[in-house]
Each structure stands twice: as structure tokens, then as C-alpha cells.
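Enquirer: Each chain, written out:
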Amino acid sequence: MEEKMVNLTIDNIPVTVPAGTTVLEAARSAGIKIPSLCFLKDVNEIGACRICVVEVEGARSLMASCVYPVSEGMVVHTNTPKVRHSRQLTLELILSNHRMDCLTCSRNAQCELRQLAADLGIDAVRYANDDLMPQIEDTALHLVRDNSKCILCRRCVATCRKLQEVGVIGTNDRGFNTHIGCAFDRDLSEVDCVSCGQCIVACPTGALAEKDSTAEVLAALHDPTKHVVVGPAPSVRVTLGECFGMPVGSNVEGKMVSALRRLGFDKVFDVDTAADFTIMEEGTEFIHRLQEGGTLPLITSCSPGWIRFCEQHYPEFVPNLSSCKSPQQMFGALVKSYYAEKAGIDPKDIYVVSIMPCTAKKYEVKRPEQRMANGCMPVDASLTTRELARMITQAGMMFDHLPDGEFDPMLGMSTGAAVIFGATGGVMEAALRTVVAKLTGSEMGPLEFTDVRGTKGIKEASYELPGKTVRVCVASGLANAKIVLDGVRSGKLHYDFIEFMACPGGCVNGGGQPLHPSTVRSFTDLRGLRAKALYKQDSGMEFRKSHENPVVQEVYATYLGEPGGHKAHELLHCTYVPQKRYRTDT
Amino acid sequence: MPNCKTAVPYKGTPEQEEKLRKVIEEHKGQPGATMPVLQAAQGIFGYLPEEVQIMVAEGLDIPLSEVYGVATFYSFFSLNPKGKYQISVCLGTACYVKGSADVLSAVEQKLSVTPGGITSDGLFSLDACRCIGACGLAPVMMINDDVYGRLTPAQVGPILDKYIKMG
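Protein chains in written order, with my numbering: chain F, 1 to 586; chain C, 1001 to 1167.
Quick caveat, the hints were computed from the structure, so don't treat them as lab data. On a predicted model such as this, the values are computed, not experimentally measured, just so you know. Don't take each hint at face value.
Ranges of calculated distance between the beta carbons of each label pair, as one might list FRET restraints [unchecked claim]:
#1 C:E1051 with F:L103: 44 to 50 Å
#2 C:D1145 with F:T104: 52 to 58 Å
#3 C:P1014 with F:Q115: 43 to 49 Å
#4 C:Q1086 with F:Q135: 52 to 58 Å
Glycine included, C-beta positions come from ideal geometry on N, C-alpha and C.
Excised from the complex, chain F in its bound form (with noise of 0.2 Å):
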């Protein structure tokens, strides 16, 4: 059916847009961008704020443009005096609110109310409150908020209860007295959150950040007892330069290496070399199940938030999970053991930094079930790829004429299956591509499974393997996470096996990950563009499959054993169990 288009004129501009869409919207494809603030795409469209007003002829009062639909004839005006002084005084009255210590905030250069300040011409707040003392919350291991920043936009509330499908933030109180916090304003310790981290990358101010590790990173790299050893998610190179003005889907490996080395490390290792054990031993468990009668559907254990999320909302689920440890994990347990070993190290002495895309790994690093046997911890600090940024910067360093680096070989070889984990689909490609080489006796089978590819929040395809159809799923975001998990408890989805990845995306959109203020996020495919950086990277890789990957070989064959063998297990797996979802003690 054709698209039914309308004809509108917008401050004199004709324009032709599809029906239903947005005076907003309708707006920037005639290049005029109206000023928002709680809007954000297919998340937050409630209108609430007022910035985006515009005068429509023949209207009773201003619209706000955000969520006001278009129709034929219309005539808009975005820039008249009387829209000016509305968006003027309604900003002033949010700041009036707010409290202002821009200089030293977290979000500092970066925060959305203090560029529309400066877009709408702000020059003094007449109604200032300079009584207003900050609220920090920071009970939860990755997150601190101070709702003396929060300007009630419900941007988190919004991203928490629709992408998500957590709901953990809500909007409580009325009048004066609104803030947003937990029901029965618990601390976010005490409640379901899963520690996504997605509500900061779509707060447009100060509230919420991560909370910041790298002052202990900091203080280890200048500890000459301890031997500081970091390692970088799949997806954190195909994002870290968006921190230096590089354009989204820029692959930095080379100067993200780099800049680590001359941060101080004493070895650069990689993630993706951990990913690629995951596969061994996940492949190994997936294979195991399906011959073996195991549970199934098998379900991937890489990421924490949706691990927290099956724990406390689908508890019945957890047999399900595979005990592999994440990456993130594996990697840490590798470190403190096989490398420890090779180099003559007491693992006490190790300190393991990570470099993730993800706020949910700092919740992750202190799980009690990840302690090793020796007593160590994997991982000491994880840092998301912004306190990553912030380091560089503060090095002094200019990212953008840092030489390309390598490597350290030890642990810092991968394959393309690897640097796809970072992607939506990526673990489930990485894991076919094993357990076809491995049920077949071949490596002649395919080796790029589109199917599971692309940013959509779910995709399921088939595959014909020796002797069984293998149904697999591939889905992203936790809302979209219990729809498929709905389906497989009232018997309506079959799948033997699974792949969840809390944010929406996969890691390319973590928590952790660059910011960008809502007129970015809500008109850039931030997630297709990363995840293509990766997909490139991984098709010109000399190895692409996770068993081809020599490391991997050389590390089974002198160390571990047998993938999903005894000291594999030891090392790289653990036990998760259901978790209580609420609690009502005082």
C-alpha cells in the first residue's frame, strides 16, 4: 500500500511527509531542528517538557511539536517571538530546579540542558534556587544519582519500563515533592534493577553516571606491586572514538591499543581472546545438551544484565542459562591462572582491568559465585569505554594521532567470531559457526549466518546439523527478552538455543558506551553503524571460528585440557541461581 503524504508549510517551507509523522520530525527533514529535551524516538513521547512548542495556526495555544502529528494544510511556525519566550521561560523554570555546578559535573560538555541553554540564549536564570543540595544515591555497584539534577524529563523512567521492561524507576510523589526513585523509595541496591546502565545513556543532564572507577585503576598502575593487567570488550573499539569527535562506526583497535599501553599497563591483552573460549566451552555445552538430552533451550550467559534479569523475573529459566562465565570473566580467570603461570606471577599480584561497553560488568566483578578457586577475584575494576575516554584525555593524550598498537600475544589473539560478540546475534553466529565445524567434521560449512544478523529486536532462523533442525533465537533489549521467554513458558516458541543480550543492540549500545544527546540518539542508527565496524573487521580476519584461533588451541592443549573438560570447568564456569525479585523487610 502506497504511503498516504501530507502537505504542510513550516515556517514557510512546503514540506511533504508521511502521514501521522511529527511536526518535530516533519521539521528536520526540511532542516529546521526544533529544541527538545524529554523527547527521545520511540521511547519517551509524552510531551511533557514544552521546550519543542511551535505555533499552528488556527491552534488554541502552543503544540509541542514532539508529539504533535501533521495534517494537510497545516501551517507551522517554529520561530516567533511568542514561541522564543516560551521555550525561554519554560527552560528557566527547569533550571530554577536544577541545581547548576556545570563546571565540575559529570556531564559537564556534555549535558543536553546546558547546550539548550546556550541554543535558546540563556544569559541568566532570574529564578535560580542556590539552596538546592545535592541528592546523591549510590548504594547500587554502577550507578550514582543525584536527583538534584534531575529535571523530571522521565527519559530513564521511560527507557527502564518500555526497552527494558524492568521498571524499577518510576515517578513518585506529586507537585514539588516529584522525583524519581524506586517504589517505596528503596535504595537501587535493594531492588530489581539489572544494572544495564541504559537509563544514563538516555538521561539528558547530570542525574545519572556510572560510577567511576578509574581513580582505583589509577592508584594500581602507580602501585609497583601490583602487575596491572587490562583487556577491551569486542565492541569498545568500534565505539571509543565517537569519545574523540571520530564519526559512529570508526574501528580504533589500533590507537585504543595504543593509548592503553601508554596509560601504563603492563600488558594488553584482549577480550576477544576470552570470547573465543567462551565459545569453545559454550559450543561444547550447546553440543553436549542437544546429544545428551540436556535442558533446553540453552540460553548465553555473556551478559550480566540479562543473568540478574532471569535470576529475579524468570527464575525458572536459570537451568537453562549456561554456566559459562562471561568473557569478561573468562578473561580475568585466564589471566590470574594460565598466565599468571606462564608468567611467573603470583595471581595475587595481578590486577585484571576491563574495558567494557557495559555498566552491568561493574555489578559483575563482585559476584561471589565468579571467585576463583585461589581466592581471586578475575576481574579488580571495570571501566566502561567513557571512563576509558576520560582517562586518555586526562593523559593528555590526542587519541587521534595515536600510532596503531598490537596486541600483547599471550591472551591477545582472537578471531572474527569474537569481534562479532559485540553486535546482537554476534555470539549466536560465533557459536554456529564452532558447533556446525564440530557436528560436521567439516570447516567447510558456512560460515556467515545472516540470518541472525541486523539490528531488530528479535530473529529466530533454523539450521539443518546432523541428525536434528537446530532452532535458534537472537534477541536484544529485555523487553524483547520476555516476549520470547512468555512464548517458550505457554508452549508457543520452540528453540533449542538462545541468545539474550540485555541492551537493545547488544553491547554496540551498552550502558557503558559513548553518549549523545537525544537529537543524535533519536535520528542515528547508532547500533547498525557500530555493529557494521564489526561485521567489517570480522570478515578480513585470517581466522574466522573460535577453534582456529592458535591461542585457543595453544591454551587447551597445555593447560585447560578438554574444552568443557575438569579444569575448564574450574576455571570457566559457575553455578547462577534464581534470586528473590522483591523484598518488603524495612
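Given the structure of chain F, go ahead and fit chain C onto it with the hints provided.
Expert: Below, chain C alone, put in the same frame as chain F:
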């Protein structure tokens, strides 16, 4: 914060819970179910403690934060039960200009309770109300059906002691 958890332990009976389950079943899946279910829940239990709100959230398959948001937005809903003695201090115009705010803080200090709250022994609940039509006696406080007029903060203590003695 006055709207947080109540100070008295939850004492819902299986009969009450069964009643609530039936109401939830009737409204489940309907748009806008939260309000009527919460209204019914308050009718059954007299207030909306955390335990009841969790039952509503799980029953309707919506986040607890959403239930709590609704419960704290509308002044009709109460997170605290009423005490054996319900205190209302009038903050209407006449009482207010005659100093009822000081009377209210005297009650708050004496009982360690804020408006909308209840003492942990369940004896007193406190509300700030608007005009009760006894402006001639301003400032006015009611305890259940007893009216106390022309109050000074100093009189509050002895009055409350009387009720504490009765237990």
C-alpha cells in the same frame, strides 16, 4: 519521607488477600486497571502497604514502581493504616493564622510521626486536614470524635498523654 514504608507490620488476612486476588482477576489485562484495583485494595485493607502493592504489581504484571507512583500521586491513597486514635490537625486558613502549624509540629515531635504516618505501636495516626468548620475555636485538633480548640503547643503533650494512658 512521609510516603515511604509504614511503621506498623503487615497484618493482612488470607480472606483479605483472596478478595484482592479476585479483584485483580476481574481487571487483569484491561487498560487502566491499576486505579480501580488499588481503590479496591484500599477498601479491603484500609491502606496500601508494600505487601499489598506487590500483590497488585505481580497480579497485573506491571512494575511495582508504577503501582507506587500511582499510589503516591493521588491523595486518596494511603500508605499507612489509620491508628486507634486518628489525629487531625486543621491547617485551614483560620486555624493556620492562629498558629496551628506550631500545634502540628508539637504533635509531630511528641509522637515522632509526620502527617500521613502512623506510630509504630499503631496507636496514633496523624493527618493535616483542611477546615473542619470550627473556626471559632481555632486552632483546632480532632482526635477521633473529640474536638480540642483554642490550642497552644504546650497543651498538646498532656492531651496526648491521656490517650497514651488509655492505650
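Enquirer: Evaluate each hint against the coordinates.
Expert: Okay, the hints, checked on the actual structure:
{"no.": "1", "hint": "C:E1051 with F:L103: 44 to 50 Å", "result": "holds, 46 Å"}
{"no.": "2", "hint": "C:D1145 with F:T104: 52 to 58 Å", "result": "holds, 57 Å"}
{"no.": "3", "hint": "C:P1014 with F:Q115: 43 to 49 Å", "result": "violated, 56 Å"}
{"no.": "4", "hint": "C:Q1086 with F:Q135: 52 to 58 Å", "result": "violated, 33 Å"}
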